[in-house]
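Residue numbering for the sequence shown follows the working numbering, beginning at 1 and increasing consecutively.
Just so you know, the hints here were simulated from the structure itself, not pulled from any lab data.
Check before you lean on any hint, since a few could be wrong.
Claimed, not checked - In silico DMTMM-like pairs for lysine to aspartate or glutamate, Cα to Cα no more than 20 Å straight-line:
#: 1; residue 1: LYS69; residue 2: GLU11
#: 2; residue 1: LYS69; residue 2: GLU26
#: 3; residue 1: LYS69; residue 2: ASP54
#: 4; residue 1: LYS69; residue 2: GLU43
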Amino acid sequence: MSQSSIIPLTEGLPGQRIRIHHMTLEGTMRRRLLDLGFVPGSEVKVLQRSPLGDPVAFRVIHTTIALRKEESSQIFGEIIGGEYHESTH
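Generate coordinates for the entire structure from the input sequences, incorporating the hints supplied.
Have a look at this one:
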């Protein structure tokens, strides 16, 4: 995986699958997202954007969560496809 293929989750489109590479969030929000499964290697699916584009719904493992742009712009990964497969990471 090259650094040029690493994007923030904010750039993902509905239906795309992204493999988490790293995050720059700190503190309580970082801990919460790690606990929910936003860990390096996990697969995230972009579900949908709100009408104004913020927040965006994501699915990781068996959890759906809406993240604001200020949060999702600090989570980085690589687009791995357009289909999502549940995993047990």
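Evaluation of the provided hints:
1. LYS69 - GLU11: 10 Å, holds
2. LYS69 - GLU26: Roughly 15 Å between the alpha carbons, so the hint for LYS69 and GLU26 holds.
3. LYS69 - ASP54: 6 Å, holds
4. LYS69 - GLU43: Status holds; Cα separation ~19 Å.
The earlier numbered hints are all upheld by this structure, with none contradicted.
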